[in-house]
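In order, the protein sequence lines correspond to chains F and D.
So for the first sequence, my numbering puts the first residue at 746; every next one is plus one.
So for the second sequence, my numbering puts the first residue at -12; every next one is plus one.
Bear in mind the hints are in silico, worked out from the structure with no lab data behind them.
Hints may be right or wrong, so weigh each one.
[Claimed, not checked] Chain F side only, calculated, beta carbon under 8 Å to chain D, not exhaustive: (1) P771; (2) S773; (3) F775; (4) R782; (5) T785; (6) V794; (7) P827; (8) G838; (9) A840; (10) K844; (11) G849.
[Said to hold, decoys possible] With a Cα cut of at most 30 Å, we get these calculated DSSO-like pairs of lysine-lysine: (12) F:K856 / F:K803; (13) D:K1 / F:K839; (14) F:K844 / F:K802; (15) D:K28 / F:K802; (16) D:K1 / F:K787; (17) F:K823 / D:K91; (18) F:K844 / D:K42; (19) F:K803 / D:K1; (20) F:K803 / D:K51; (21) D:K28 / F:K803; (22) D:K28 / D:K7; (23) F:K804 / F:K823; (24) F:K804 / D:K91; (25) F:K814 / D:K1; (26) F:K823 / D:K28; (27) D:K1 / F:K856; (28) F:K804 / D:K42; (29) F:K856 / F:K814; (30) F:K787 / F:K844; (31) F:K787 / D:K42; (32) D:K53 / F:K814; (33) F:K802 / D:K42; (34) F:K802 / D:K7; (35) F:K839 / D:K51; (36) F:K814 / F:K787.
The structure presented is a predicted model; accordingly, all values stated were derived computationally and were not measured.
Quick reminder that beta carbons are idealized off the backbone N, C-alpha and C, glycines included.
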Amino acid sequence: ILNVEQSPQSLHVQEGDSTNFTCGFPSSNFYALHWYRWETAKSPEALFVMTLNGDEKKKGRISATLNTKEGYSYLYIKGSQPEDSATYLCALGKAAGNKLTFGGGTRVLVKP
Amino acid sequence: GAVVSQHPSRVICKSGTSVKIECRSLDFQATTMFWYRQFPKQSLMLMATSNEGSKATYEQGVEKDKFLINHASLTLSTLTVTSAHPEDSSFYICSARDRTGYEKLFFGSGTQLSVL
Chain F
746 ILNVEQSPQS
756 LHVQEGDSTN
766 FTCGFPSSNF
776 YALHWYRWET
786 AKSPEALFVM
796 TLNGDEKKKG
806 RISATLNTKE
816 GYSYLYIKGS
826 QPEDSATYLC
836 ALGKAAGNKL
846 TFGGGTRVLV
856 KP
Chain D
-12 GAVVSQHPSR
-2 VICKSGTSVK
8 IECRSLDFQA
18 TTMFWYRQFP
28 KQSLMLMATS
38 NEGSKATYEQ
48 GVEKDKFLIN
58 HASLTLSTLT
68 VTSAHPEDSS
78 FYICSARDRT
88 GYEKLFFGSG
98 TQLSVL
């Protein structure tokens, strides 16, 4: 059974503070790790697709790191803003073009 | 950016009726479409993978005769929940991968199905 675990399940952050959360996955048969942001009543939106161990990606105030040997990825939000409030999903792909296995998500609420 | 339009966003139906959910890729050709289901407080669970012009591949435990998937064109895939029962009440969402083969998925906005 392939398990993708995200923690914490939910997070309250004060506006302006930085935060981070984790995605853990089995390190065998790794191909790609995806991060998506899902705002309420909208479609999940791709943030990053990461494939290489040690990879770091950045998009504005959001960045992610990847450790395929130990099976984890961190997502960081710097200087959180209310518009960062969303559920952040990670998903594991085991082969090119293959289906993804999703974690349960981390629900982030940024309080003004 | 690529857009996937999913309709309806919410549907309430009587037990025993069939419900069709549509996903359209508006500005790209979706060679592969994935259908997921999400129960409250759980992960997105893949139900099936459909490739344009061929039969869908269903995940273990998903009844293909109950969840009919059609992917007849590169821009449209449909999921029909046949003879729906209250236990089929769930959130259903589609995602697509475009022809370039780039790995990221483009999602619809989901359909909340309630079967009375």
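Against the structure, the hints:
Because the smallest distance between the Cβ of P771 (chain F) and any Cβ of chain D comes to about 15 Å, over 8 Å, the interface hint for this residue is violated. A hinted interface residue such as S773 (chain F) counts as satisfied when its beta carbon comes closer than 8 Å to some beta carbon of chain D; here the least separation is about 19 Å, so the hint is violated. Below 8 Å, beta-carbon pairs count as interface contacts, and F775 (chain F) has none with chain D, the closest being about 13 Å; its hint is therefore violated. The criterion of a C-beta within 8 Å of any C-beta in chain D is not met by R782 (chain F), whose closest approach is roughly 11 Å, and the hint is violated.
Of the supplied interface hints, the one on T785 (chain F) is violated, with its beta-carbon coming no nearer than about 11 Å to a beta-carbon of chain D, more than 8 Å. Because the smallest distance between the Cβ of V794 (chain F) and any Cβ of chain D comes to about 5 Å, under 8 Å, the interface hint for this residue holds. The interface hint given for P827 (chain F) is violated, since its Cβ lies 21 Å from the closest Cβ of chain D, which is over the 8 Å cut-off. Checking G838 (chain F) against chain D by beta carbon gives a least distance of about 7 Å; that is within 8 Å, so the hint holds.
Taken as an interface hint, A840 (chain F) does not check out: its beta carbon lies about 11 Å from the nearest beta carbon of chain D, beyond 8 Å. Hint status for K844 (chain F): holds, given a least beta-carbon distance of 5 Å to chain D, under 8 Å. With its C-beta approaching chain D no nearer than about 5 Å, G849 (chain F) sits inside the 8 Å limit, and its interface hint holds. The straight-line distance between the Cα atoms of K856 (chain F) and K803 (chain F) is roughly 23 Å, inside the 30 Å bound, and the hint therefore holds.
Under the criterion of a C-alpha separation no larger than 30 Å, the hint pairing K1 (chain D) with K839 (chain F) is inconsistent with the structure, at around 39 Å. Distance restraint check for K844 (chain F) and K802 (chain F): the Cα-Cα separation of roughly 22 Å lies within the 30 Å cut-off, and the hinted pair is therefore satisfied. Note on K28 (chain D) and K802 (chain F): the hinted pairing holds, with a Cα-Cα distance of about 28 Å set against a maximum of 30 Å. With a C-alpha separation of about 27 Å, the suggested pair K1 (chain D) and K787 (chain F) falls inside the 30 Å cut-off, and the hint holds.
With a C-alpha separation of about 24 Å, the suggested pair K823 (chain F) and K91 (chain D) falls inside the 30 Å cut-off, and the hint holds. Note on K844 (chain F) and K42 (chain D): the hinted pairing holds, with a Cα-Cα distance of about 16 Å set against a maximum of 30 Å. With a C-alpha separation of about 47 Å, the suggested pair K803 (chain F) and K1 (chain D) falls outside the 30 Å cut-off, and the hint is violated. Between K803 (chain F) and K51 (chain D), the direct Cα distance comes to roughly 40 Å. Violation of the 30 Å bound is thereby established for this hinted pair.
Restraint check: the Cα-Cα separation between K28 (chain D) and K803 (chain F) comes to about 29 Å, which is no more than 30 Å; the hinted pair holds. Straight-line distance between C-alpha atoms of K28 (chain D) and K7 (chain D) comes to about 24 Å, which keeps the hinted pair within the 30 Å bound. Of the pairs offered as hints, the one joining K804 (chain F) and K823 (chain F) holds, with about 11 Å between alpha carbons and a cut-off of 30 Å not exceeded. For the proposed pair K804 (chain F) and K91 (chain D), the alpha carbon gap of about 15 Å is at most 30 Å, so the pair holds.
A hinted pair counts as satisfied when its Cα atoms are at most 30 Å apart, and K814 (chain F) with K1 (chain D) does not qualify at roughly 50 Å. Restraint check: the Cα-Cα separation between K823 (chain F) and K28 (chain D) comes to about 27 Å, which is no more than 30 Å; the hinted pair holds. Note on K1 (chain D) and K856 (chain F): the hinted pairing is violated, with a Cα-Cα distance of about 40 Å set against a maximum of 30 Å. At roughly 38 Å between alpha-carbon atoms, K804 (chain F) and K42 (chain D) are farther apart than 30 Å, so this suggested pair is violated.
Between the alpha carbons of K856 (chain F) and K814 (chain F) the distance comes to roughly 35 Å, so the proposed pair goes past 30 Å and is violated. Note on K787 (chain F) and K844 (chain F): the hinted pairing holds, with a Cα-Cα distance of about 22 Å set against a maximum of 30 Å. Taken as a hint, the K787 (chain F) and K42 (chain D) pair is honoured in the structure, with Cα atoms around 29 Å apart against an allowance of 30 Å. As the CA atoms of K53 (chain D) and K814 (chain F) are separated by approximately 40 Å, the hinted pair breaks the 30 Å bound.
Of the pairs offered as hints, the one joining K802 (chain F) and K42 (chain D) is violated, with about 37 Å between alpha carbons and a cut-off of 30 Å exceeded. Of the supplied pair hints, the one linking K802 (chain F) and K7 (chain D) is violated, its CA atoms being roughly 39 Å apart against a limit of 30 Å. The suggested pairing of K839 (chain F) with K51 (chain D) holds, with an alpha-carbon distance near 24 Å, which does not exceed 30 Å. Distance hint between K814 (chain F) and K787 (chain F) is unfulfilled; the C-alpha atoms sit about 34 Å from each other, more than 30 Å.
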